[in-house]
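Q: Please put together the full structure from these sequences, using the hints given.
For the protein sequence lines, the chains are L and A, in the order given. Just so we're aligned, residue 1 is where the first sequence starts under my numbering, counting upward by one. Just so we're aligned, residue 1001 is where the second sequence starts under my numbering, counting upward by one.
In case anyone wonders, no lab produced these hints; they're calculated from the structure. Do not take every clue at face value.
For lysine to any residue, the following SDA-like pairs were computed, each having C-alpha atoms within a straight-line distance of at most 25 Å [said to hold, decoys possible]:
#: 1; chain 1: L; residue 1: Lys18; chain 2: A; residue 2: Gly1033
#: 2; chain 1: L; residue 1: Lys106; chain 2: L; residue 2: Asn63
#: 3; chain 1: L; residue 1: Lys18; chain 2: L; residue 2: Asn63
#: 4; chain 1: L; residue 1: Lys18; chain 2: L; residue 2: Gly69
#: 5; chain 1: L; residue 1: Lys18; chain 2: L; residue 2: Asp111
#: 6; chain 1: A; residue 1: Lys1025; chain 2: A; residue 2: Thr1012
#: 7; chain 1: A; residue 1: Lys1025; chain 2: A; residue 2: Ser1004
#: 8; chain 1: L; residue 1: Lys18; chain 2: L; residue 2: Ser83
#: 9; chain 1: L; residue 1: Lys18; chain 2: A; residue 2: Leu1261
#: 10; chain 1: L; residue 1: Lys18; chain 2: L; residue 2: Ala70
#: 11; chain 1: L; residue 1: Lys106; chain 2: L; residue 2: Asn91
#: 12; chain 1: L; residue 1: Lys18; chain 2: A; residue 2: Asn1251
#: 13; chain 1: L; residue 1: Lys106; chain 2: L; residue 2: Asn28
#: 14; chain 1: A; residue 1: Lys1025; chain 2: A; residue 2: Ala1007
#: 15; chain 1: L; residue 1: Lys18; chain 2: A; residue 2: His1273
#: 16; chain 1: L; residue 1: Lys18; chain 2: A; residue 2: Ala1267
#: 17; chain 1: L; residue 1: Lys18; chain 2: L; residue 2: Val32
#: 18; chain 1: L; residue 1: Lys18; chain 2: A; residue 2: Val1019
#: 19; chain 1: L; residue 1: Lys18; chain 2: A; residue 2: Pro1269
#: 20; chain 1: L; residue 1: Lys106; chain 2: L; residue 2: Thr34
#: 21; chain 1: L; residue 1: Lys18; chain 2: A; residue 2: Gln1263
#: 22; chain 1: L; residue 1: Lys18; chain 2: A; residue 2: Ala1252
#: 23; chain 1: A; residue 1: Lys1025; chain 2: A; residue 2: Ser1003
#: 24; chain 1: L; residue 1: Lys18; chain 2: A; residue 2: Asn1253
#: 25; chain 1: L; residue 1: Lys18; chain 2: L; residue 2: Asp118
#: 26; chain 1: L; residue 1: Lys18; chain 2: A; residue 2: Gly1255
#: 27; chain 1: L; residue 1: Lys18; chain 2: A; residue 2: Thr1256
#: 28; chain 1: L; residue 1: Lys18; chain 2: L; residue 2: Ile110
#: 29; chain 1: L; residue 1: Lys18; chain 2: L; residue 2: Glu116
#: 30; chain 1: L; residue 1: Lys18; chain 2: A; residue 2: Ser1206
#: 31; chain 1: L; residue 1: Lys18; chain 2: L; residue 2: Gly31
#: 32; chain 1: L; residue 1: Lys18; chain 2: A; residue 2: Tyr1049
#: 33; chain 1: L; residue 1: Lys18; chain 2: L; residue 2: Thr92
#: 34; chain 1: A; residue 1: Lys1025; chain 2: A; residue 2: Asp1070
#: 35; chain 1: L; residue 1: Lys18; chain 2: A; residue 2: Leu1230
#: 36; chain 1: L; residue 1: Lys18; chain 2: L; residue 2: Thr65
#: 37; chain 1: L; residue 1: Lys18; chain 2: A; residue 2: Cys1254
#: 38; chain 1: A; residue 1: Lys1025; chain 2: A; residue 2: Tyr1049
#: 39; chain 1: L; residue 1: Lys18; chain 2: A; residue 2: Ala1268
Computed from a predicted model, the values in this text were never measured in an experiment.
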Amino acid sequence: MLAVAGRGTAWGLSPCSKSISLCGCSINSAGVFTTNGPLSSSSLTDDCIDIAGAGAVLVLFGNITGLGGAVSAAGIHILSSASNAFVTGRNTPGHGSHFSVTGFAKGIQIDASNVEVDQRMRTQF
Amino acid sequence: MISSSAAADCLTIAAPHAVLDMHGKSLIGPGSGATGAGIHVLSSATGAYIDGIGAVITKFGTGILIEGSDVAIFSVELIRNEQFGLVINGGARNALYDSDAGSLSDFSSGNGVAGVMINNGSNNFINDIHADHNGKYGIEVSGGSNNHLHDLDGDFNGIYGLWINGSSGNRIVNSTGSHDQQIGIYIGCAPTGGLGGVCPAPATGSNNVIDFGEATSNTMNGIAVDSSDLANQIGLNSIVDNGATDAVDANANCGTNLWFLNQIGTAAPNCIH
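A: In structure tokens:
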């Protein structure tokens, strides 16, 4: 869908652990993955986190920050294989603050179907 | 407008892209025994629009019946109908915004069966509505897939608040199922009784998401997922103060369902987090 993206898994990002502490990894299976705090990318071309596994869940516990400038990578890249993935920048029920993805060519790139990206506050009433 | 016919629809929309501005005028059916619809949007009426600001549709069999696609309805009161407030029957990409299908503040405002029923529909969008005090269910999604239910209240209903019945890929976001007579939010095929209840038409649902919701103070469970309903994601909900176990999953070790970062009083089995 978008021609220019980070190199992502095509360049062999290592699999993410369930608790992600560094940029440059790929979620390859269904399961619940969390960042364990702020992440900073040092790469212009590698995505911080790729999601390749269908039905995977990623919850942020900190901001994700890229290099800005000439960066071509995405903060979070949801690959076409990752249908029904779920990503949220808020990690507690109810009202609360949420985290951000900044300094990348694309904050979040979605190539898959039926993905949910949610950090909304309840708006009714 | 007042209808005296139990079986006939009050208004029918057949033309594509027709606009009905109700100008705050109400449609009132005959009440007991009614089977017709207040407004019946036929399958030919693709892209129709209903502006219901200030209007009430009441005492019909169904308040609004949609059989088309790409129909939008804004701000209407669908209350005290004999069966349903809104029915989407097989359509896609229809939307209901900012409406009541049973009102929170009026205990007698509910519809006889459900506030909203989506039957074999896909990619429909229900946003910012109350579906409270209905006879059985606040919202029922039966069959179909990928419907989006955002900012809904399914409270004080006779059986379930929000019911996903043999439907997959639906998104229930920022919504409540609280103070219901059995279960707040239920994924399964039993019309009553929840987990292990009798399913007249056995069906399963998968890849549904329930997030940032509330399921509190229900007589039985807050959120329940029945056996063979798999690969659902239930996260970041508040599920507390229910009469029985707050969060339950009938699949061994939750199967492939993912429960995460919920605020839970009691849960079974321990794969629920």
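Q: With reference to the structure, classify each hint as holding or not holding.
A: We went through each hint and held it up to the structure:
{"no.": "1", "hint": "L:Lys18 - A:Gly1033", "in the structure": "violated, 57 Å"}
{"no.": "2", "hint": "L:Lys106 - L:Asn63", "in the structure": "holds, 15 Å"}
{"no.": "3", "hint": "L:Lys18 - L:Asn63", "in the structure": "holds, 17 Å"}
{"no.": "4", "hint": "L:Lys18 - L:Gly69", "in the structure": "violated, 30 Å"}
{"no.": "5", "hint": "L:Lys18 - L:Asp111", "in the structure": "holds, 22 Å"}
{"no.": "6", "hint": "A:Lys1025 - A:Thr1012", "in the structure": "holds, 16 Å"}
{"no.": "7", "hint": "A:Lys1025 - A:Ser1004", "in the structure": "holds, 17 Å"}
{"no.": "8", "hint": "L:Lys18 - L:Ser83", "in the structure": "holds, 19 Å"}
{"no.": "9", "hint": "L:Lys18 - A:Leu1261", "in the structure": "holds, 14 Å"}
{"no.": "10", "hint": "L:Lys18 - L:Ala70", "in the structure": "violated, 30 Å"}
{"no.": "11", "hint": "L:Lys106 - L:Asn91", "in the structure": "holds, 22 Å"}
{"no.": "12", "hint": "L:Lys18 - A:Asn1251", "in the structure": "holds, 23 Å"}
{"no.": "13", "hint": "L:Lys106 - L:Asn28", "in the structure": "holds, 21 Å"}
{"no.": "14", "hint": "A:Lys1025 - A:Ala1007", "in the structure": "holds, 21 Å"}
{"no.": "15", "hint": "L:Lys18 - A:His1273", "in the structure": "holds, 15 Å"}
{"no.": "16", "hint": "L:Lys18 - A:Ala1267", "in the structure": "holds, 23 Å"}
{"no.": "17", "hint": "L:Lys18 - L:Val32", "in the structure": "holds, 7 Å"}
{"no.": "18", "hint": "L:Lys18 - A:Val1019", "in the structure": "violated, 51 Å"}
{"no.": "19", "hint": "L:Lys18 - A:Pro1269", "in the structure": "holds, 21 Å"}
{"no.": "20", "hint": "L:Lys106 - L:Thr34", "in the structure": "holds, 20 Å"}
{"no.": "21", "hint": "L:Lys18 - A:Gln1263", "in the structure": "holds, 20 Å"}
{"no.": "22", "hint": "L:Lys18 - A:Ala1252", "in the structure": "holds, 22 Å"}
{"no.": "23", "hint": "A:Lys1025 - A:Ser1003", "in the structure": "holds, 13 Å"}
{"no.": "24", "hint": "L:Lys18 - A:Asn1253", "in the structure": "holds, 19 Å"}
{"no.": "25", "hint": "L:Lys18 - L:Asp118", "in the structure": "holds, 20 Å"}
{"no.": "26", "hint": "L:Lys18 - A:Gly1255", "in the structure": "holds, 19 Å"}
{"no.": "27", "hint": "L:Lys18 - A:Thr1256", "in the structure": "holds, 16 Å"}
{"no.": "28", "hint": "L:Lys18 - L:Ile110", "in the structure": "holds, 21 Å"}
{"no.": "29", "hint": "L:Lys18 - L:Glu116", "in the structure": "holds, 19 Å"}
{"no.": "30", "hint": "L:Lys18 - A:Ser1206", "in the structure": "holds, 23 Å"}
{"no.": "31", "hint": "L:Lys18 - L:Gly31", "in the structure": "holds, 8 Å"}
{"no.": "32", "hint": "L:Lys18 - A:Tyr1049", "in the structure": "violated, 46 Å"}
{"no.": "33", "hint": "L:Lys18 - L:Thr92", "in the structure": "holds, 18 Å"}
{"no.": "34", "hint": "A:Lys1025 - A:Asp1070", "in the structure": "holds, 24 Å"}
{"no.": "35", "hint": "L:Lys18 - A:Leu1230", "in the structure": "holds, 21 Å"}
{"no.": "36", "hint": "L:Lys18 - L:Thr65", "in the structure": "holds, 20 Å"}
{"no.": "37", "hint": "L:Lys18 - A:Cys1254", "in the structure": "holds, 18 Å"}
{"no.": "38", "hint": "A:Lys1025 - A:Tyr1049", "in the structure": "holds, 16 Å"}
{"no.": "39", "hint": "L:Lys18 - A:Ala1268", "in the structure": "holds, 23 Å"}
Hint compliance for this structure: hints 1, 4, 10, 18 and 32 are not met, and every other hint is.
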